[in-house]
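K.L.:
Now for the letters of each chain:
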Amino acid sequence: MRNPFIPRLLRVERVVIETADNNIKSFHLSFLMKEDEEAFSYLPGQFAELSVFGKGEAPFGMASSPTEPGLRFSVNKAGVVTTALHRLEEGEMVGVRGPLGRPYPIAELKGKNLVVVAGGFAFTTLRSLVKYILDTARDDFGRIDILYGVRNPGLFLYKEELEQWSKRDDLHLVLTIDREVEGWEGKVGLVPNVLKEIAPNPDNTYALVCGPPIMLKFTLPVLRELGFPPERTILSLEKRMKCGVGMCGRCNIGPKFVCRDGPVFTLAELAQLPDEGL
Amino acid sequence: MKEQMKYLKLSKEEMANLLDELRREFRVVAPVRREGLILFEEIGSGKEAQLDFGNSRKSPKDFFFPQMEVLFSYQLSDNELKIEEPQPEPRKTVIFGMRPCDARALLLLDKIFLEGEVQDSNYRRRREENIILALGCTHPRRTCFCTSVGGNPFGTEGIDALFIDLGKTYVVEVLTQKGEELLRDRLSEADEESLKSAERVKREAESSMGPQVKAKELADLNLLDIFEDSFWDQVHEKCLGCGICTYLCPTCSCFDVIDEKTDSGGERIRLWDSCLYPLFTLQASGVNPRPTGRERMRQRVLHKFKYFADEFGQPSCVGCGRCVVSCPVNLDIRRVVNELVGGKA
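If you're matching them up, the sequences are chains A and B in order.
Note that the working numbering numbers the first sequence so that position 6 is 6, with each residue one more than the last.
Each position in the second sequence, counted from 1, maps to that position plus 1000 in the working numbering.
For the record, the hints were derived by calculation from the structure and aren't laboratory data.
Think of the CB as a built atom: it goes at the ideal place given N, C-alpha and C, for glycine as much as any other residue.
Some hints here could point you the wrong way.
Derived coverage of chain B by chain A (criterion: at least 3 residues anywhere in the stretch with Cβ under 8 Å from a Cβ of chain A; other residues may be distant) [what the hints assert, rightly or not]:
| # | region |
| --- | --- |
| 1 | 1014-1021 |
| 2 | 1075-1081 |
| 3 | 1150-1164 |
| 4 | 1220-1231 |
| 5 | 1330-1341 |
Let's have the full structure, built from the sequences with the hints guiding it.
P.N.:
This is the structure in structure tokens:
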């Protein structure tokens, strides 16, 4: 039996500084062993524990789509492990355990319209989902709206890809920033306000939301007012995690472990649980 | 067909010899006295084993889920990284003198470490290899409440053979094949009279148990109802957050994982952790879903008596009473449970 705490080894192939404040970097990784790559079969919305040897592990959602080679993680520098990750250079080794958690319910989303709402650097796994849909079966889904907001234009992730996506006629991409900046041609305003303004039609539509707690607090009521029922409002949550497999005991919301039972939950599922923060 | 239960017996004077004989083949762990405390340790002589004690200060879960455990070590040279798992203990371990509550606690730990989608391979190896010779509780302590949470002073769950103290001799209930293989050639058959005495000792112990703790009643309450109850606003106030209850608890399973680094490599280490510590749930962003003692004590109590009970049909508590005995401010889990239930009656 494989020890679930032993990571698989990957090489850092490319490091991309994503944001103007240098605080978010993307790491493009490749598996050292073919069998590890095959064993790591994931879907958008799942996450992994990323190791920097000597520093520790931390959980991150995969920003890459399973249709892309290797793995990509976009990491905001905040704690010990993320700071160590930011120091990594191309050619260095990291460890990965996973895939962990439940993915976005892709089969259930088929035949539906999607409204993707993201704030800040939480765009990563939603990017994975959209990319996966575009690469596999765009025709299986209805209209796709993406609303993505950050504080200022320098903080958008994946700027080149967003540029390409904005030109596609099968995606409706709306980018927004908090405050007016010279030369900015997108929307100005907080995510919940812009969401109210663009008012996506809730009929036959799922909302997929990921962002900081404060954004969720104001965005979820707007979705409800627009007519999105809790069963079709999907969130991806973040908690402190160590094991990632429901053992270490810290990421639970009442009886559910975010690592094992999530991180993807519908608002209807969360309504059954006590409030331990989003 | 269920095989007939096998009963053996052993005079107390022969116990040290039995343990010494087992030591030739096994690592033998037993309760010993160290600086005034009863602790489970590997013994170097059968005489070291303490046979007369309430319960050990620390639970023997260490021998299955160690307080500190190296998960793997790694060496880095020329940008080649090599991961190595530590060598397991080569000898099988016999644990003598474990109390039935602590043995039953292992069945609850199994639910976390073995019965989910992912299995902990180190824990599994120790569960498969360790042999448990338990010692029934002739004199349950006043802080014991095993019968409130599904256990018994002479419970047999999770045990290979149960020793029953009759004063000068032990009657030994052989419960598994492992137990039978270990003991059948080493002990003699028990006689009718000893068996009758054993039954009497069991009945007396059971009837000496203190008042019931309302664990079952707590599990039946509605979660959303008790979660926001004002009960939590005050009950945590005297808790120091020292975490001793979680460290001594035989069913607590929370852990931390850390790295320790040397010049050319390092180790990844698993350590017991406690839900009562403020950093336990603190996220790198600064968000902490359990920022005060109120949320942390609520987590400890509801995890044991509600979340675990809902998922597995029994609370994550075996009633050993260690948390009651060792709490520096006398915060008594029995009262917490009963008052929470009482307030909802």
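K.L.:
Now tell me if each hint is right for this structure.
P.N.:
Hints and how they fare:
With a threshold of 8 Å between beta carbons, the proposed coverage of the region 1014-1021 of chain B by chain A is violated, since 0 of its residues qualify and at least three are required. Interface restraint, the region 1075-1081 of chain B with chain A: holds (3 residues with C-beta to C-beta distance below 8 Å; minimum three). Closer than 8 Å: that is the beta-carbon criterion, and the region 1150-1164 of chain B has 0 residues meeting it against chain A, so the requirement of 3 is violated. Restraint check on the region 1220-1231 of chain B versus chain A: 4 residues with Cβ-Cβ distances below 8 Å, three needed, restraint holds.
Here's how the region 1330-1341 of chain B fares: 0 of its residues keep a CB closer than 8 Å to some CB of chain A, so the rule of at least three is not met and the hint is violated.
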